[in-house]
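With chain A's structure known, arrange chain B on it following the hints.
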Amino acid sequence: MSSAVLFADWSEILEIASDRAISEEAKQSRHVRKFIFDMTPSVSIDEAHKESLDSLFDVFKEASRPNWDGYGASPVSAATVAQARAFLDLLPSTLPRPEISPHPDGELAFEWSFGPRRLLTVSVNESGRLSYAALFGHARLHGTEFLLDAMPEAVAFALRRLYAAE
Amino acid sequence: MRCLRRLLSRFVGSTQRSNPRFDRVPEREEILTRFIFSARHFSAPQNRVRPDAFLPSKDSLETSVFRAAGLNLEEIRVIGERVGQPANRRLKAWGDVLTGIVFDVGLNVRPDNIPQRHAAIVGWPAQKDEQLSLAQRLAADAMLRLPPQAVTT
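So the sequences go chain by chain: A and B.
First residue of the first sequence? That's 12 in the numbering used here, and the numbers climb one at a time after it.
First residue of the second sequence? That's 70 in the numbering used here, and the numbers climb one at a time after it.
So that you can see chain A by itself, here it is in the shape it has in the complex:
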C-alpha cells in the first residue's frame, strides 16, 4: 500500500468522523460502504476479495453500535474498518479468505481455521495494531505487530505454519 493511499484513507476517515457528530446512522453506514468499496475503483478485485469486503461491511453494520454483543461491547469504528480494509489488501490472493468478526473491544478479527486446535486469529484496532494468536495443536504463538506497507513477518510466519501441513 502506498503512502498516497494511506493519506487518502485517513482523509476519508476524518470526513466520516466529522460527519458522525451531526449525521444519522444511515449516513455513516453509507460513508463506510463507499469507503470500503470505492477506495480503489480503477483496480479490479477478484471475487473472493469482494466477498471479504462484503463481509467486512456486514460486520460493521452488525457491530457499529454500542453493546452489539449484549455484554456492553464497544462499537466498531470507521477507522477500524479502514485498518481492516488495509489488512485485507495485504493478503495474497492465493490465501483462503478469513472469517471476519467483531470483538468486544471494538476491534475486527480475521480467523483462519482448520478446527478448534489449529487456527490463527489476527485482530486489528483503529490505530493499526495487529494482535495475533495461533494454536497448532498444543503449541501456541502470539504477539503484537503494526500494520505497515507489507504483511508483518511474524503474521506471515504464522500463516505459513498454519498452512504448512495442508
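One should not assume that every hint holds.
Claimed, not checked - To give a feel for the contact side, a few chain A residues facing chain B, derived at Cβ under 10 Å:
1) Y82
2) S85
3) P103
4) E110
5) Y143
6) R151
To be clear, the hints were calculated from the coordinates, so they are not data collected in a lab.
Every residue gets a Cβ at the ideal spot worked out from N, C-alpha and C, and that includes glycine.
Frame of chain A, contents of chain B only:
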C-alpha cells in the same frame, strides 16, 4: 478434544442432578455457560465456539458466564433469551466450558451470583494477544449448543 467433549457431555448429566451453592467458587467439573448473541462468534458447520465468544469486556476485563447446573436445555435457553433482551439481542447459541479448563489456562471464576447463577471469568491479561491466546484455549475445549430456532448463518 473428543475425549474432553465426551467428558463434558457426561458432566452435563451429573451437574443437572447436583445443586451447587452459586455464591461459592464452582468445582472443576461444573459447567460454565457463555451465551452468544452474534452469529459470527460460533461456527455451526464446524460445530465449534469461536474464541471471540470468550473474550472479556474491554472495561471490566471479565467474561460474563452463567452456571447452568441443574437446568435442562430449554430452561437455559429461556434464561439466555432474557439476558439478551435489554440489548434487544436474540440468543444465537451458547458455549459450555468446564470450570477446570478455565483454571487450567490460568484464569479464575468469580461467583458473584448477581443475578442468580451469574459468575465471571476473571484474571484476563491486559494484552490483547494474550487474551486471544487464552480465548483460543477455552474455545478449543468448549461445547457448542444451538437452540432449536437458532440462526446459524
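Y143/A as chain B interface residue, shortest Cβ-Cβ below 10 Å: Status holds, d = 6 Å.
Interface hint outcome for S85/A [beta carbon to chain B under 10 Å]: holds, 5 Å
Quick check on Y82/A please, does its C-beta sit within 10 Å of some C-beta on chain B? holds, 6 Å
For the restraint on P103/A, tell me whether the closest CB of chain B is nearer than 10 Å. violated, 23 Å
Please verify that hint: R151/A, Cβ, nearest Cβ of chain B, below 10 Å or not. Nearest chain B Cβ about 6 Å off; hint holds.
Holds or violated: the hint that E110/A contacts chain B, with Cβ atoms closer than 10 Å. holds, 7 Å
Of the hints listed earlier, the one the structure fails to meet is number 3.
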